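**Student:** Go ahead and model the full structure; you've got the sequences and the hints to work with.
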Amino acid sequence: MALPRVSWPALLVILVIGLSSLLSCKGDGDCGYVPPAWCTPQRDPENLRVIKAKLSQREDAQPAASPDGEHLALVSNLNKTPSIYEMNLHDSTRLRLTQNYGGDWAPRWSPDGSEIVFFSYRTRNYEIYVMNRDGSNQRNISNNYASDSHPDWSPDGSHIVFQSDRDGDSEIYVMKSDGSDQRRMTTDPSRDEHPSWSPDGTMIAFVSYRDDRASIYSMNSDGSNLIRLTVSHGHDTEPDWSPDGGGIVFISTRDGRQSVYIMNSDGTDAHAISGSTELNSNPDWSQDGARIILQSYRAGLRGIDMINVDGTGLRRLTDHSVLEE
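Each residue of the sequence shown is one higher than the one before, counting from 1 in the numbering used here.
By construction, these hints were calculated from the structure, which means they are not laboratory data. Heads up, some of the hints might be wrong.
Derived CB-CB ranges, DEER-like [unchecked claim]: (1) 123 / 92: 21 to 27 Å; (2) 211 / 184: 43 to 49 Å; (3) 68 / 212: 39 to 45 Å; (4) 316 / 79: 17 to 23 Å; (5) 212 / 264: 20 to 26 Å; (6) 88 / 220: 35 to 41 Å; (7) 132 / 220: 30 to 36 Å; (8) 176 / 92: 20 to 26 Å; (9) 114 / 269: 34 to 40 Å.
Just so we're clear, the structure is a prediction, and the values are computed from it rather than from any experiment. Each residue gets a CB set at the ideal place from its N, CA and C atoms; glycine is no exception.
**Tutor:** Next comes the structure, spelled out in structure tokens:
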């Protein structure tokens with residue numbers, strides 16, 4: 001049965017990043033994961049409404065390194081509405097690529113660097129869009145009444161994996177890069193989200209709540225051979241494959257904070273690379289596999305950081321103490 005249309009006021013969802021609401025810890029030490037800024041749109045399963053959240057002040061989020069390693073695509077509300085920008089990593093200059101009332105999120109570069117896929121609320125519904133890297137030729141490719149979000153490219157650029165609640169709960173789907181041949185990959189009644197395609201094209205990593213907590217799973221790109229990669233007392237989210245396919249970076253609350261972890265692609269040797277004093281999210285590998293780019297809240301400032309994969313060399317790439325108007 002189709003979900004009812006959701007009213008416009010109820011659908012303005014973006015995140016609460018206030019420090020007090022990033023983690024919700026119970027007395028037994030269970031620190032529930034709360035998606036950080038620019039969160040996944042979620043419908044309340046009982047009331048079929050989108051859960052409201054409050055837009056924080058000046059903030060950058062969801063960095064994605066370009067294939068040539070020279071630029072970042074990122075989301076910023078520097079001009080009030082969440083928009084996608086391209087930032088030069090050498091001089092930090094920015095080009096605004098999207099501008100609309102609804103907001104745009106989760107940019108991902110095509111393998112050849114010529115296009116960017118993202119999701120948008122510009123039509124009062126979350127849809128997957130593709131645009132040229134200069135922001136031109138923006139087009140809706142998912143065209144569905146449901147919430148479609150968090151896209152990622154196949155390594156040959158021919159397909160896009162994404163999450164959608166079009167069948168009642170959040171599941172993983174794949175479509176051709178022109179939006180045709182949309183197919184459901186997961187069928188579990190629990191929430192499946194945030195897919196990431198492996199560099200060799202054979203596997204997809206994603207987050208699932210089928211075991212009560214958020215855990216990272218992998219499956220073949222045709223949906224077969226499901227494997228649970230993480231088992232912890234926290235929540236493991238936001239997986240991203242390393243360029244060589246040998247590792248996966250992710251966010252975990254297993255240490256009581258939202259920390260950056262790296263593990264082998266089979267789930268072994270999971271270890272933290274970020275400190276315990278930051279709140280981190282949205283990790284992405286540099287194209288040479290030597291560094292992780294991420295969103296971080298530290299020293300009272302929110303911005304985009306870069307850190308070596310061994311946990312050394314942490315440095316800030318954007319800083320809103322400078323960007324504030």
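**Student:** All hints, please: hold or fail.
**Tutor:** We went through each hint and held it up to the structure:
1. For residue 123 and residue 92, the Cβ-Cβ distance of about 32 Å falls outside the hinted range of 21 to 27 Å, so the restraint is violated.
2. The supplied range of 43 to 49 Å is broken by residue 211 and residue 184, whose beta-carbon atoms lie about 21 Å from each other.
3. One distance hint, 39 to 45 Å for the beta-carbon pair residue 68 and residue 212, holds here, with the actual separation near 41 Å.
4. Range check, residue 316 to residue 79: about 21 Å between beta-carbon atoms, so the 17 to 23 Å window is met.
5. Taking the beta carbon of each, residue 212 and residue 264 are about 24 Å apart, inside 20 to 26 Å as hinted.
6. Take residue 88 and residue 220: their Cβ atoms lie about 38 Å apart, and the range 35 to 41 Å holds.
7. For residue 132 and residue 220, the Cβ-Cβ distance of about 31 Å falls inside the hinted range of 30 to 36 Å, so the restraint holds.
8. Remark: the range hint 20 to 26 Å for residue 176 to residue 92 is contradicted by a beta-carbon distance near 36 Å.
9. For the hinted restraint 34 to 40 Å between residue 114 and residue 269, the CB-CB distance of approximately 35 Å keeps it satisfied.
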